[in-house]
Amino acid sequence: MRPFLSIVTFMALIALGFWAYRENYATQAALKEVDQLQQEIQSLREALSVQRAEWAYLNRPDRLRDLAAANFDRLGLMPMEPTQFGTAAAVAYPRPPMPDVSLTFDVQGTTAPPDLQDQ
Amino acid sequence: MRVPLRPLARILQARQDGLNPDLIERDNLRKRHEDMQDRSRGHNQWRLKAMCLTFTLAFAAIGTRMSILAATVPVEPRASVQGAEIIAQRADITDRNGRLLATNMTTHALYAHPREMVDPKGTAARLAEIFPDLDAAALERRFTDGRSFVWIRKILSPEQMQLVHEIGDPGLLFGPREMRLYPNGTLAAHVLGGSSFGAEGVHSAEVIGVAGIEKALDARLRDPAQSAAPLTLSLDLSIQATVEEVLAAGMTMLNAKGAAAILMDARTGEILSLASLPTFDPNDRPAPLVDKDAEPGDSPLFNRAVQGVYELGSTFKIFAVAQALELGLVSPDTMVDANAPMVWGKHKIKEFDNKNYGPLLSVTDIIAKSSNVGTAHIALMIGPLRQQAFLKSLGFFEPTPVELIEAPGAKPLIPKKWPEIVTITTSYGHGMAASPLHLAAAYAAIANGGVMVQPTLLKRDGPTTGVRVMTEETARASVDMLRRVVVEGTASLGEVPGYEVAGKTGTADKPKASGGYYEDKVVNTFAAVFPASNPQYVLIVTLDEPLDTTMSEDRRTAGWTAVPVAAEIIRRVAPLMGLRPKLEPPAPDAVTAASN
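For the record, the sequence lines run as chains D and R. Those letters in the first sequence? Residues 1177 to 1295, per the working numbering, in order. Those letters in the second sequence? Residues 3 to 598, per the working numbering, in order.
Hints are not guaranteed to be accurate.
Stated by the list, open to error - Simulated restraints on C-beta separations:
no.: 1; chain 1: D; residue 1: Pro1179; chain 2: R; residue 2: Val5; range: 39 to 47 Å
no.: 2; chain 1: R; residue 1: Leu59; chain 2: D; residue 2: Ala1223; range: 45 to 53 Å
no.: 3; chain 1: R; residue 1: Leu59; chain 2: D; residue 2: Lys1208; range: 33 to 41 Å
no.: 4; chain 1: R; residue 1: Ala72; chain 2: D; residue 2: Leu1243; range: 55 to 63 Å
no.: 5; chain 1: D; residue 1: Ala1223; chain 2: R; residue 2: Lys413; range: 46 to 54 Å
no.: 6; chain 1: R; residue 1: Pro410; chain 2: D; residue 2: Leu1243; range: 20 to 28 Å
no.: 7; chain 1: R; residue 1: Pro226; chain 2: D; residue 2: Val1210; range: 19 to 27 Å
Derived from the structure by calculation, the hints contain no laboratory data. Cβ coordinates follow ideal geometry from the N, Cα and C atoms, glycine included.
Could you put the whole structure together from the sequences, leaning on the hints where they help?
Quick look at the structure:
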């Protein structure tokens, strides 16, 4: 019995040693990966802040004003004016939906005179 | 094995020899005690040794750990998740809609270890090629005089860094730097101020604010707990840009030396735009003036809106009238003596251009026509003590509480004594000087129904509660009178269709440094409130030494200079704030009866 127990204990010791060795290396690998990821996050954050700064720089009012003036032919952008406010009354009601023209209808009746057709 | 005390053999022998057998017993007893002592001593000695060992090991362990801790370089905890909290060492600054006004950028500093240099002479020459402001000879001297460390540049652009890399000398080294960047250039320069490096090391340098809100709120901006949350200002980028554009155009057209404008929300005290011209680029802050004779206003760093303490002229008249209304001394229709010139002791109070609006003028017309004499009579009704108390309650005796480092230094200039002649001159804005921001805060109280608001550059969530300085009726009547100024008085050029501008002009002669006033140098101010039927915004426009030369005669009054500039600002800015012009209602689509 005794030698058997000793052998089992010794085997268990070897197994635990092997497990601890593997865990140690797995932990170190994971820490290395965390380091790399954090470096990547840091560099991406830096890139993000640079791009935010660049976005703000490219959208600075001076530049937009000059661009609007330079491209006036195409865009026709003007500073906002008080006269550009509309009233709700000036907005037209949506037209009633037109019947689908792809379908054919049998129509009976008289033809309206041309000047009423637009209404 | 226990030894008997009286071993029979020895006793018998002793008895035979006639000796005392008790001696044998005593001898044996002594030996037994000695044995016991020896054993006990050995035992105790072992225990002492064990204790010593334990303590030595414990102290050694603690000592080793301490020295390891002391000797290791600090590292970030690697296993913990690094959140978004710490990104930059200084928080961003944004406008009220979250658009960037100041941010950080990573860049590099250049330094050298001359002892590790391969070719100091060639390196110095090539560095001087890359950076034309460096002197090759001086640099070479610093590289070769035996020192071990030299700073070369605080900030490098990526292109410059690449060029330095291409020199390839091992003695040239880069240190990471975080640099403050103001992407909008000169926009809102006086609010932002600027920043520079504080304590510098090879691995990092602290960025500190040197002026404006960067310095005033330096602790907040550098607080690591709040570095992820940008500081949100009350400014609006589009409005600020528009105000600066119009103001700069006005300043050029009117040949003014400087100009300032403040646009403030009268309900909350939030400053939507604060402009001062001439301006500067906070990315490259100019050096302050060193010439002793130069006025502070000559430097572009001078913030005219906050630091510029001027006599604000007739814009003050509304305060005298509002107080008289509040005290029940007059009503808007009361006729007041306005016979010019008015003689008070050895002083003579005149109107502009030696006019005479008298003999009697209604209170409304005193404001509309800007009558000095009429205001003086009203001020005399109020008296010096009550006048001082009222101006104090409007904040004219203290620096403004706005979040700029320059603000506490800009104290209003108050006459030391307050005789009746000072009461008279103060009522029309002479003899006492305050900044345009003081004026904005006081006009905001009138526009806000008589309740003071604290001017602020930080975004507020809602209306604030303040001290009531006049009744709502007085405030209403004052705004109505200010509206008359634009409709039929001195500020007729200030009318903007649909926005019901109300306001008061002010033209003050500039005081000479040697005493007295300049004949031909004025500060023109227009203080406006709009829209008059429901006042929401206050606009102050100040022009320093303007001159309108568009007509045959030169004009220097505010009605011809500051007022049209302010009107253009309102016309451009009000739509940006979503303020709808109040126009005549369009004719309804109705059937009109027509006969044929």
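Starting from the hint 55 to 63 Å, judge whether the C-beta atoms of Ala72/R and Leu1243/D obey it.
holds (59 Å)
For the range 19 to 27 Å, tell me whether the beta carbons of Pro226/R and Val1210/D fit it or not.
Given a distance of about 22 Å, which is inside 19 to 27 Å, the answer is holds.
Assuming the hint says 20 to 28 Å, is it satisfied by the Cβ distance from Pro410/R to Leu1243/D or not?
At roughly 41 Å between Cβ atoms, Leu1243/D and Pro410/R fall outside 20 to 28 Å, so the hint is violated.
Satisfaction of the hinted span 45 to 53 Å by the C-beta atoms belonging to Leu59/R and Ala1223/D:
Since the Cβ atoms of Leu59/R and Ala1223/D sit about 52 Å apart, the hinted range of 45 to 53 Å holds.
Verify the CB-CB distance for Leu59/R and Lys1208/D against the hinted window 33 to 41 Å.
holds (34 Å)
Evaluate the given range 46 to 54 Å for the C-beta pair formed by Ala1223/D and Lys413/R.
holds (47 Å)
Is the distance from the Cβ of Pro1179/D to the Cβ of Val5/R consistent with 39 to 47 Å?
holds (45 Å)
Checked against the numbered hints above, the structure breaks only hint 6 and satisfies the rest.
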